[in-house]
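K.L.:
Listed below, chain by chain, are the residues.
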Amino acid sequence: MIKKRPPFVGWKKGLFLFILLGLCSLFSFAQQTIIVKGKVTSEAQPLYGVSVTVKGATSGTTTDDQGNYSINASGNAELVFTFVGFNTQTIKVNNRSTINVELAADTKSLEDVVVIGYGTARKSDLTGAVGTVSEAKLRERSVSSLSQSLAGKVTGVQVNSNSGRPGGRTNVRIRGFSSINSSNNPLYVIDGVMMPINNQTQASQAIDYINPNDIVSVEILKDASSTAIYGARGANGVILITTKRGKSGPGKVTYDVDVSVPTIGPIRTKVLNAKEFLAVEDLAYQNMAKYDPVGWAAGKYVGRNPALARTDPRLFDSNGNPKYDTNWLEEATQNKLSQNHQLGFSGGNEHSTFSASLGYRDDQGLLLTSYLRRYSARFSFDSEIKPWLKVGGTLTYNNQQENIVDQSDQVPRSIVEDFPFLPVKYEDGTWADNRNYPNAEGRDNVVHRLTDTRYILNTQTTIGSLYSNINLAKGLEMRTVLGTNVLAQENLQSQSRTLARNQKGTASAENRRETFWSLENYFTYNKRFAEIHSITGLLGLSWQETDFFRSGASIQNFSTDYFGYNNLGAGSTSPGYSSNSSKFAFNSYFGRVNYSLMDKYLVTFTGRADGSSKFGETKKYAFFPSAALAWRVSEENFLKDNEVISNLKVRTSYGVTGNSEIPSYSSLALLSSNYAAIVNNSRVGGTGINRLANPNLRWEKTAQTDFGIELGLLNNRITLEADYYYRKTTDMLLDAPVPRTSGYGSIRKNIGSMENKGIELGVNAVIIDKENFNWSSTFNISINRNKVLSLATPSDIFNVGGANFTNPTNIIRVGEAAGSFWGLVRLGTWSEAERAEAAKFVSYRNGLTILPGDIKYLDVNKDYAITDADRMIIGNGSPDGWGSFINNFRYRNFGLMIDLQYSYGNDILDMTSHSSEDRVSLANSYRTVLNAWTPENQNTPIAELRDTRAGYVTNVDTRWIKDGSFIRGRNLLLSYDFSHGVTEKLRLSKLRIYASAQNAFIFASDELTSDPETTPTGGYADDGRNVFSQGQHWHSYPKPTIYLLGLNIGL
Amino acid sequence: MNFNIIKKAGALILCGTMLLASGCKKFLEEQDPSNLTPNNFYTISEHAEASIAAVYADTRFFGGGAGIFSSNWQLLEAVTGTSTTETAQNSDLNNLYSLVYDGNTGHVINWWNGLYRVIANANMALDKVPGLTPMDEAQKNKILGEAKFLRAWAYFYAVRLWGDIPLITTPQTANSEDFFPGRAAQEDVYNLIVKDLTEAEAAGLPWMDASGRVSLAAIKAQLARVYLTMAGQPLNKGAAYYQLAADKAKEVIDYANANPGAINLFSTYGEVHHVNTENKLEHLFELQYLADVAGNPMENMFPNFKPVSVYGANGTGSTVPTLSFYQSYEPGDLRAKDQEGYFYTSYYHNGDGAPFDLGAPYIFKHFNVVAFGTQGVKGSARNDLNVPQIRYAEVLLTYAEAKNEVAAGDQSAYDAFKRIRDRAQLVTPAIGTYTQETFREAVWRERWHELCYEGITWFDMVRLRKVYNETTNGFDNFVGHVNKSSNQPLQEKHLLFPLGVQEMLNNPNLKPQNPGYPQ
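Chain order of the listed sequences is A and B. Read left to right, the first sequence gives residues 743 to 1793 (the working numbering). Read left to right, the second sequence gives residues 2 to 520 (the working numbering).
For reference, chain B alone in the conformation it holds in the complex:
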């Protein structure tokens, strides 16, 4: 019997060994059933759509969380001095307002990470989409054009925030040569931006696209913005680039004049922040939001715990106008009128109830009356409102400013400028009363008052090295100007943001730190 057992056991062991030899290699192989790899994706034309969708999705980092009571976009507002906070609960945000931020400040790090992620996904699309066959060539070009626009959109932010920055144009693996990149010269970054936008211009995209995708108008307007910036600080390319900026803006204006039903200014300021007018007319490019996917991220503009919406008293008030900026609007400026312009000083209890006075001005520019409620109409509590990136109003002002630099006293520049003031129901002095200097400052002033709280003002301050002084109604030099929000003077170092301290530790090639900031 024992012999039998041993025979059986022997057979078992044999079985085991066989299993071991044949089955075991396969037994430990793995393939993720819920996620794709770069090797089993990018095979058919639909993958091009999925690939560009990832880039669009990443642009929403703009509204991503930045700690308690704060969102990333506040980086661009807190430092301008036009806004302040009603709560001191987020120390990173406090440090931004007080101009004592450094390379550990959360918002600064989030912007770096968010922008480079947009770039990485755009690089992936630009690398993989060209190889997809079969695919309709026209469609392929459009998607590549969108990817280039979005990559340029990200680099344009990055180069203005940090100056010299790593220039990554291909998908990365841990073995990539530029996995630990150094800082590329700003000039090179701008060259890529211009190249991407110029190529996107030729991608066959429609002038306007109500679906919210990149349109030709957006590309041209962005290019005008880029040229205007290149003309000023820090590249100082001067007249040639003012000319380029004016020309590019003019292309949009000409199209708008020919097709006023496609591109135009909205007749009321309410339309600037209404869900029914998204991606239309004045909105040349917007970040898309939808409650089901991601709700509008501008709610930190609510007053601090005052019941202005259907949500009740739940606002944070971490971005509110400074009184001095609000009071700097000319008397009668419609933009400062309660609930009609870009501000409100009273509202309805819980959005639709009894009106009450707020005691102070708040930003109405991103207030979604459909979601929050309005007189007698209860809010839907679904904030689908988009975040504007480029409005036609800006194109007009860009044109006015650029044209004035190369052709002082130009009628078309004056007309563009006057359109903005006309909508605000302001009287504009005759063209002849302006010199090149006074017109320049008038346009700048208009930019401050028209484009406030849209992430534009800070970059104007940096490229102009000038800051609007609410008290004098004139312009101070950047360095030495005291921000009314915190009574802190701007310093030379503030022209650039610091590089993230942890990022510099993780990438020894990323040096030096921007001047004035600790390592």
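Chain A with its partners taken away, still in its complex shape:
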């Protein structure tokens, strides 16, 4: 339910509002005498924000939301009207006091200004591959983090939301993997302030803590020409984020609200119901006689007779029939209303502008007790204090609270494995858990777990930046930006006394703080000479430092559940405490030259020298250069007036970027003081070997070549952008294995190389463009191929993907795609006809003879033993191609958007096959076990059912590999914009209502047990082990379908 109270209550929020209002009045400067007034329109609609200047003067004004302007000008002056996306008009005043102007849309729309590193550029002047996402596109879906809204918007950018929990567990990869032991995350830069790159707690990124509604545009720098200006941090691509700023003109107030409900999504795991489970259990018991005849005869399994277990009168009637048939997925989920409110103010005059916004988001997760709440506030101002001096700044504060329920695999796993014949609670009010059923694997039911566990993550993010722009001379500007970003996090955990039974309750509290500051200073020089030469130069330097501190405490054994994590002093056993701290710094120098000849031939050179504290004594600095060329073919005479081709640009670039995302101190020899000996039954701290020194440790480098073509047809009704790229990472930062006889496992080294090559294609077309009906379509596809070229040593590298609990699941091997899935080939099951052949095998199940009905593996080396020698690469989690297909329809005031996401050729390694197919009886299983081998059903991949004690084998094998290709209805959106007449009556400038359904349907293999976008849940979330686990499924938070209703109001 929506709470009745208004979204802003409480004195804190009131005070904040008050301050904002005060600031508003501060910026309301006295109006000047009007000489020329008028209205600027386009197709009879007023244009807001059109820049009006007197030619030759530096100052000017902009139109208000009714399109009106007023400006001082002399009678013979010329007024210049400019507006992004429209042709500029210059009009002589001729002593008129009213001049109304009709601006024509610039159909070529190439004058869009794009944010690039340390500056902006016209889209037409770009020489690099830069993807842009506009505010409108960002707002198409209401999501809690920016990464999620970027999904499918830009080619070459793969966004996977690997959990259905609010906030997401999102993975962003730009043009594939560039690294093995270093981060593959892109660099986020918000208004010039860099964000931490490495994964935060629970596979979150720093960007996930930012209110996406404050963001107005996102530019994704992909090729080396555009990323090289970020040097050592640019190798994985750079995402530039621009947040809201004020515009001069009358103040604006906007209010956006949406409410939504999550429901169980299109993919449901199918598990046995109570009757089926009991039948499977009976059969599994009986089959033990067949699979372990000796043990059976010796009476080893007498106690396992299910009949003996079904005696609890709370669960079974006197005939052993179950009293309950619980659907645990439904018990574990909720359909609670979530809400999202955004309030924005902006305004200013020709000298100063400001914007302020407040946000409140309350996402109620699909699983019980999971939520994400975020309070956010943001203020920005820009002021031209002197004609030569402009200053401005931004302050953003976000406070986010989450209860994360998939911090371990237990909750989603219990949804599958809880026995269907158990109720949530017995009639006496105590929890009914699997552990109550004799001989089952002891686990607690999912509702019990959800109710009695807390994993609270409170994150406060403060991002501030201040800049000054000094105009030193015509065309020469110096900009200084001071940025800070403080990320403070509390992680509070507790488990009740009924859940942590043996510990009698547990609680812990951890605090983390990551403080970043940067100071950057750069000069920009712009000059156009002899009409045909245009040059832009940039030269700058930068200091950055990040400081990290963490402390934590934990304890067990409470006499009550009342305290949770709020009184650790009340616990009495096993107190634990820890802290650590680290620091790293950058010092950099960068420059760029853009040269354009006749606006047709464009050249860019970029270079950055980066110094990082993380590298070896002698290898602190490195230089990252790039160059790019572009040719605007359509500006040539032979194409200039072509009616079909309205825009054609070809471009190419080459450059080198770096990756420095390794832990601090990696080049130093270190001892660890975390050894714990036990003497006299107490802990004695020890100090011993930890890491080998490598004074020559240096940057990982990625060289990238890019060829791109941009084509506009029929007045740009159809536009196409295609890129081919080749990225080669060398000096790969690798935890290279060393001989273990040294006592050490690895050394951080620069060795090994890897390549990614790919094609990106994006097409936009306006298919129908009638007055009342418009249909436009966007299609994009990205194809990337990864290959390991060389490694430090000939030895393969394992343990690079999560959840290696049965066998290593991923391998890095020269010549193969990094992180390929690794396992046996399951040919099926042995048939009766093959009894003799099966018996020849050295037992791979407890030493018991292999029988018909047992799993049949491919014996690669034909030695009649199934060993590691029979393992091979059996799949890969990276898709062959992915992208989206988005159609927008507009009929009068109605809008309809259908946003489809697709991916093909990506394998899923379903680790849950192990626990839910290869071991019936211990817990509930998937319904696929009903297709197990029987003498009548011999052609099946699933072994004949039997109790695990009678020899059930389980191995990472091809049966676990599933086709993860899919087409998803990512977003279906229906909107209605109230017409001008209606909004005018309501004294609003804008009123829009819309409804959407996210993840409404999916076309994918029936065999999938989870959403195909998945990574393992559990203790596998840390950066190291998660690198190559995309596509591995180990019990994730189910992805919901979200129904949403929203309203946009502009005042």
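Incorrect hints may have been included.
[Said to hold, decoys possible] Computed footprint of chain A on chain B; a stretch qualifies when at least three of its residues, placed anywhere within it, have a C-beta under 8 angstroms from a C-beta of chain A: (1) 93–99; (2) 248–259; (3) 286–292; (4) 505–513.
In case anyone wonders, no lab produced these hints; they're calculated from the structure. In this text, a Cβ means the ideal position worked out from N, Cα and C, and glycines have one as well.
Following the hints, put chain B in place on chain A, whose structure we already have.
P.N.:
Coordinates of chain B only, in the frame set by chain A:
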């Protein structure tokens, strides 16, 4: 005005450049505030204690995880044929039971890595501690003695598992000469082991140390074990080394006889696996465990998902006795008696509830009644139990075996042997009924039944090249003996474990692979 701006900007740039010149080198220097480096540690005497503590901590690799439902120690049990598994979920463990392991098998690799890490930390202590001044010399010697014992402990495992192995005796850096070592001859490894243990003997350590640190009794018993092994396969040093083994064991026995309150056999088998008797009397050396730091790692001996403990039904059953070995105990042997000996066939529901029959024998030798519960007493769920490494029972049997080789019919050898059988409430034939051969086999048989599931049996099989046959109650030759756990015959190649395949790739000097195994 413009001039002014340029002046200001000039000043700014100047400032910037100055910062750059002066501040920047320091700006990028780094020092880890949370970890020490070899240069800022090993300065005061306390660091010697921290240094030896790291070596002790590393010995717990023995109980480290080896994939699903498995621990490293199972390497030493699975191959003996005396145990089997109730679950086939860990393919590495399956391959051990089935004797089809190779250089990719996780347990084999973990043992190599774990042992060499113990060695590396011991080398670090042996390298750095002597230079600490000021420091009490007696204390310094003791710590060096402990480090030598632990290094020898690790090398003794390694040389028996792989034969010729790299011999590393100094701390390593990436530039060390022996960073890519070849295989040293077994003889050289044994020489280092004997030298380390002999020096440790003289380090001034107390006969027994209830705190769990290395004691003189442990050193002497270990040395007796080493000599006994050297006397047999593969070095075959024969009588002289049987004599050495007997002498060294005798030193412990003499001390025990003089101080029965310090070293002795426990009167009940329950005391062998009770937390109150840790590091005392019969336990000459144990790996130390404490729930707060690291809980006892032997819980894979629980029956598979039967509720025998306070944890409920959560056992894996990945090491359980083979029925044939359990049935090979002589009738009346107390060691085979439910809950009184080394096995149990019934227990209490969830550790303390209603008794129930388990349907099969399970290993009680590492069962911690305090943690898991016992009749009417709920378990504490904190498994602090240590893992025994050397028991006085073994010293007695070592003595009996070694002495018989050099002096057949020796009364003291018979007495040592008989003490083990007396505790099991077995009748022992008179000394005169034994020949040297029958006594030898009787002692071996006792070793199988007394020292089972303690990581000893496999090494007996290898040094003797004999395996106890549960059916005939006699001894088969190693090669050709069929392990009852998997019905697979032992082959010549099984006398040594394979070198890790990845390790061989990472170290081109490490060759050749042991015979019979693929590269």
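K.L.:
Please count how many residues of the stretch 286–292 of chain B have a CB within 8 angstroms of a CB from chain A and say whether that reaches 3.
P.N.:
Result for this restraint: holds, n = 4.
K.L.:
Confirm or reject the coverage of the stretch 93–99 of chain B by chain A under the rule of 3 or more residues with a beta carbon closer than 8 angstroms to the chain's beta carbons.
P.N.:
Holds: 5 residues of the stretch 93–99 of chain B have a Cβ under 8 angstroms from chain A.
K.L.:
Counting residues of the stretch 248–259 of chain B whose CB is closer than 8 angstroms to a CB in chain A, do you get three or more?
P.N.:
violated (count 0)
K.L.:
For the stretch 505–513 of chain B, do at least 3 residues have a Cβ located nearer than 8 angstroms to some Cβ of chain A?
P.N.:
Since three or more residues must qualify, the claim that chain A covers the stretch 505–513 of chain B holds, with 4 doing so at under 8 angstroms.
Hint compliance for this structure: hint 2 alone is broken.
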